[in-house]
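Fit chain B to the supplied structure of chain A, relying on the hints for placement.
If you want the building blocks of each chain, they are given just below.
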Amino acid sequence: MSSLPLVSHVAPHSIVAWRADGAVTLRQFLAEVGQLADLFPAGGQLLNMCRDRYRFSVGLAAAIVAGKVSLLPSTHTPEVVRQIKALAPDAFCLTDSDHCPVDLPQLRYPAMAPAHPETFAVPQIEGKQRIAVVFTSGSSGTPQPHPKTWAALVGSVRAEALRLGLSDGAPWTIIGTVPPQHMYGFESTVLLAWQSGNAIGHALPFYPADICQALAAVPTPRLLVSSPVHLRALLDAGLALPEINRLLSATAPLSAKLAQAIEARCHAPLLEIYGSTETGQIASRRPTHNAEWQLFPGMTLIAEGDSWRVCGAHIETSTALSDLIEPTINGHFLLHGRIADLVNIAGKRHSLASLNYLLNNIPGVVDGAFYMPDETDREAITRLAACVVAPGMDAQRLLAALREHIDPVFLPRPLLFVDALPRNVTGKLPRALLKRLFQKRSTLKSA
Amino acid sequence: MIECLNLEVTAEQIAPDAPLYGDGLGLDSIDVLEVALVVSKRYGLQLQSGSADNPHIFKSLRSLSDHIAAQRTR
Chain A
1 MSSLPLVSHV APHSIVAWRA DGAVTLRQFL AEVGQLADLF PAGGQLLNMC RDRYRFSVGL
61 AAAIVAGKVS LLPSTHTPEV VRQIKALAPD AFCLTDSDHC PVDLPQLRYP AMAPAHPETF
121 AVPQIEGKQR IAVVFTSGSS GTPQPHPKTW AALVGSVRAE ALRLGLSDGA PWTIIGTVPP
181 QHMYGFESTV LLAWQSGNAI GHALPFYPAD ICQALAAVPT PRLLVSSPVH LRALLDAGLA
241 LPEINRLLSA TAPLSAKLAQ AIEARCHAPL LEIYGSTETG QIASRRPTHN AEWQLFPGMT
301 LIAEGDSWRV CGAHIETSTA LSDLIEPTIN GHFLLHGRIA DLVNIAGKRH SLASLNYLLN
361 NIPGVVDGAF YMPDETDREA ITRLAACVVA PGMDAQRLLA ALREHIDPVF LPRPLLFVDA
421 LPRNVTGKLP RALLKRLFQK RSTLKSA
Chain B
1001 MIECLNLEVT AEQIAPDAPL YGDGLGLDSI DVLEVALVVS KRYGLQLQSG SADNPHIFKS
1061 LRSLSDHIAA QRTR
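Line order of the protein sequences matches chains A and B.
Taking our numbering, the leading residue of the first sequence gets 1, the next gets one more, and so forth.
Taking our numbering, the leading residue of the second sequence gets 1001, the next gets one more, and so forth.
Hints were generated in silico from the structure; no laboratory data involved.
No false leads were mixed into what you were given.
Here are the computed distance ranges between Cβ atoms for each label pair:
1. G1044/B - A256/A: 27 to 35 Å
2. I1014/B - K128/A: 50 to 58 Å
3. D168/A - E1008/B: 44 to 52 Å
4. Q213/A - P1016/B: 24 to 32 Å
Sample of chain B residues with no beta-carbon within 10 Å of chain A, all distances over it, derived:
5. M1001
6. E1003
7. P1019
8. R1042
9. Y1043
10. K1059
11. L1061
12. R1062
13. S1063
14. L1064
15. D1066
16. I1068
17. A1069
18. A1070
19. R1072
20. T1073
Note that this is a predicted model, so its numbers are computed, not measured.
C-beta atoms are modelled at their ideal positions from N, C-alpha and C, and glycine is treated no differently.
Excised from the complex, chain B in its bound form:
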């Protein structure tokens, strides 16, 4: 994620439960689209807004990786 977004942090500095949006890591919607592309390529999983739990998926690194782990096709 750090690589694809060119972020100014190291992997160790991202707290698993810190918010990805806003005050935490400070991701914005362009970043989310980039992350979604990487996720679709690496894990064969298309993220979608339609599902009711979507706001939770990007809540933190932990919720994002839980979602990927549950839905991945490769």
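Excised from the complex, chain A in its bound form:
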């Protein structure tokens, strides 16, 4: 494989995005990509913090054309930005906000000039060019980098477009409730539109009313790319929904009940994508039709003890999966939740070992452990708990220290101060003993 086009749109007037002031043609988009690339500093890596999805896409395309790598950490806490600086000393930050807190040299997204009609060519990108680096939480508290090549990303989203039926030349507009800075939104709202000849909706809607407004602002057919958290809120809000022609969900498995309710309300099929930061997307399913996931074409699962690796198609080296998997037949499998060390809260993943490491590294903490309670209600988000031995420290100070390092969704709720952790004779901390500690406490609380 040599080179692949930046976008699969061909005609200069084809629509690549919708922003507040209307459609953006391929010609205009490429002109803006060129203008932004000319403003880039010398650094070879960037943190693209643009909240507007269209501006993010221009920043990404400009970086690709200029041979720069987009860094996609899972969160942007001050500590993670410091770690990025250490890993990539030349990194800069592209932002479209006046109040970007990222402590890196900043490039403000510029006002763009209209396109020059006579210059027009879709850039061809080498398949082996490194486009992005995504990060997972390492067990020692340092983010682990996973580089992504152009060929791997294009292969992944082209397979996704086929599964979603987006290559019918409609053209579709994609509205996403997930940010483009994370692997799911990166692939399924930006690259997916680029590589299926469809359009990106610029908005990042949050509240149910925002989602309705963002949908109504673009033509049909519309694909809504979202997560169980947002889809449940959208359904519960009881608003009159604009026409939605297809839905995509990822980050956590959707219950069959919620999937049925959504399909009934929207009169449109809902598909789910399964993947990970390390592998990108690897399988899909329609939960109202089948509980089993179907691997993307060309992929295989390889057993490795109790866990599984996946290889083939866009996965360049076989990669371990961090969920419990039961292969069925012909490239299908069932998912049975995560492997114990990994917590997934509203689609954000973190290793428990690394959370415990960070907790115990806070000055004043003598001993401490996070605990993931059993999930009781599939629709509600189960939060982490933690117990600590930290004489003289209060919850506010401890949480402030943790907030420096981890995304707020991982902050413990409850945070329990104890005299000693329930360690067994060998000094280990079995989950059962932690569970008993938190159960005892909730009985006391409700009594």
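Here is chain B on its own, set in the frame of chain A:
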């Protein structure tokens, strides 16, 4: 709010002007979505990001309740 978010505080412990995000009550975006749902059901009011004053609405319990009081439909 304490009930729907399963928070570790009592109603009396929430200062009306303390920030809801970050250092104060420590709410995150998942919580905000939950609160928005309860608000829409109880007061018939859909919160939206589009309005320019949105960052102020969740600044504190006082600003949130002022907003609800002004916009409620039931």
